[in-house]
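Q: Residues per chain, in single letters:
Number of protein chains: 2
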Amino acid sequence: MEPVRSKTPKGEQTRERILDAALDLFRTQGYAETTMRQIADAADVAVGNAYYYFASKDQLILAFYERNHRDHLAILGAALDTTKDFQDRLRLVLRTKVDAAMPYRRLSTKLFTSAADPESPLSPFSPESAPLRAEAIRVMAEVVAGSGLRVGKDLRADLPELLWLYEMGVILYWVHDSSPGCEKTYALIDRTVPMVERLIGVAKLPVVRPMVRELVGMLDELRPAAAPPAPAAAAE
Amino acid sequence: MEPVRSKTPKGEQTRERILDAALDLFRTQGYAETTMRQIADAADVAVGNAYYYFASKDQLILAFYERNHRDHLAILGAALDTTKDFQDRLRLVLRTKVDAAMPYRRLSTKLFTSAADPESPLSPFSPESAPLRAEAIRVMAEVVAGSGLRVGKDLRADLPELLWLYEMGVILYWVHDSSPGCEKTYALIDRTVPMVERLIGVAKLPVVRPMVRELVGMLDELRPAAAPPAPAAAAE
DNA sequence: CCTCAGTTTTGAACACGTTCAAGACAACGA
DNA sequence: TCGTTGTCTTGAACGTGTTCAAAACTGAGG
Chain S
101 MEPVRSKTPK GEQTRERILD AALDLFRTQG YAETTMRQIA DAADVAVGNA
151 YYYFASKDQL ILAFYERNHR DHLAILGAAL DTTKDFQDRL RLVLRTKVDA
201 AMPYRRLSTK LFTSAADPES PLSPFSPESA PLRAEAIRVM AEVVAGSGLR
251 VGKDLRADLP ELLWLYEMGV ILYWVHDSSP GCEKTYALID RTVPMVERLI
301 GVAKLPVVRP MVRELVGMLD ELRPAAAPPA PAAAAE
Chain L
101 MEPVRSKTPK GEQTRERILD AALDLFRTQG YAETTMRQIA DAADVAVGNA
151 YYYFASKDQL ILAFYERNHR DHLAILGAAL DTTKDFQDRL RLVLRTKVDA
201 AMPYRRLSTK LFTSAADPES PLSPFSPESA PLRAEAIRVM AEVVAGSGLR
251 VGKDLRADLP ELLWLYEMGV ILYWVHDSSP GCEKTYALID RTVPMVERLI
301 GVAKLPVVRP MVRELVGMLD ELRPAAAPPA PAAAAE
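Respectively, the protein sequence lines represent chains S and L. First residue of the first sequence? That's 101 in my numbering, and the numbers climb one at a time after it. First residue of the second sequence? That's 101 in my numbering, and the numbers climb one at a time after it.
Take the hints with a grain of salt, since some may be wrong.
Identical chains blur together in the list; that is why a pair holds if it fits in one copy or across any two.
[Unchecked claim] Quick list of in silico lysine-lysine cross-link-like pairs, DSS-like style, CA-CA up to 30 Å:
#, residue 1, residue 2
1, Lys107, Lys157
2, Lys253, Lys284
3, Lys253, Lys304
4, Lys110, Lys284
In short, the hints are calculated from the structure, not lab data. Nothing here was measured: the structure is a model prediction, and the numbers come from that model.
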């Protein structure tokens, strides 16, 4: 029933082979057009074997997200440490994120087609992708921490998560962006990054502070709705 | 190939029967759990007949949106004319919208699972749902026009569409809202409606005006990307 | 070498959404 | 009454994602 995260070097190898074949076919033909039988054939296994390692066709995409995040971190590398300017740091993270995902633009739409479905394990808000989400938020926290940016009290705790939401917005735009080389997305990044810093600055002004506080409060209230309580002791 | 919008009273009757059966099953069992064979059985027709009227299982949802919009307008009725206060008007539209869709909360998730997919005909941004989208935006234009609200030049043209996007956000929240009676959604409406008016007011201030202008400009630039050109003369 | 438990692999079988060639039906003019 | 034409209806058949009982393999202990 529950798919296995291979317990043998050979098993791990097979798993990789299936994932490679799947991503390759997804990239060249699209997700919907690729059948599990094609994947199995390309990986030289029986169709049932693919289901031994991946619970469903969708789960292959979750595995893709993980791989993609690793790729992103690799590209980002030590480059983040070369500047202390907030805008530079944020722009760098976003641009490399898009760079890393570029070959899989069409596939990435799946991220959002499930984002809204509260029950889909593929949703970036689902418990299944919680570790990956936490990772991405951690990167944003690093962006802020490594910069000289002064953040208002009200915003400080939630800023990394807000930046992650902003990142998701950029990716949503990118997924729809059919301009050559996705130049419009890069332009969007370059134009909105300064706005983000300005907004963070503005949030400290007495005029908008109450509004900021209310918005942040609503975000906090929303969170448990998106990710169910999960009490300390597992009940069953 | 192309499904038909019945040309006979009897055909129209069959079409309604199938849609009724489908929505009933969707509501009680959920969308994924309902099979086309069940729908056909409940409507006393053969499976193939369902496909004569609806191109796919998804298209049944599009038909549901249309019906739901009519229900919304019916509930809204003449109530919109009872007040000239912008906040009251906006709140009324949002609350009745949620009221009308309430029995189909789970089904409505489908609206968003496809919203992000540029190719899905179910997406609220797709050409297929353009008429319905235009209708919803028109309602928002009426909300503004019938109120004494003073809108800045920069915002005026795009405000109805922005309000529609805000409405979509509210519905997105509602779809995820599992609180009893969806009270959290109603609370969200009550808390954000004043913010919206305040934002519209703030947009006129010299400090934020350039930012507003840039944001609106980006929205305008985005539109043709979401909805392809569609030149004056239909080519085919 | 054999045994045996654990792991991996197989492929037929299932239910689903969807298609399509064929038939049934309805309205109308000859 | 009989074709004829356009609309509607049927149900078997196809390809899909997914399941599962059975087989094959692996490696450690006797």
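Q: The structure should be examined with respect to each hint, and the outcome stated for every one.
A: Each hint tested on the structure:
When the C-alpha separation of lysine 107 and lysine 157 is checked against a cutoff of 30 Å, the pair qualifies only within one copy, where the shortest distance is 21 Å, while the shortest distance between copies is 41 Å. In this assembly of identical chains, the alpha carbons of lysine 253 and lysine 284 lie at most 30 Å apart only when taken from different copies (26 Å versus 34 Å within one copy). For the identical chains of this complex, lysine 253 and lysine 304 are neighbours both inside a copy (8 Å) and across copies (27 Å), given an alpha-carbon limit of 30 Å. Taking the shortest Cα distances, lysine 110 and lysine 284 never come within 30 Å of each other, neither inside one copy (44 Å) nor across copies (51 Å).
Going down the numbered hints, you'll see the structure goes against just number 4.
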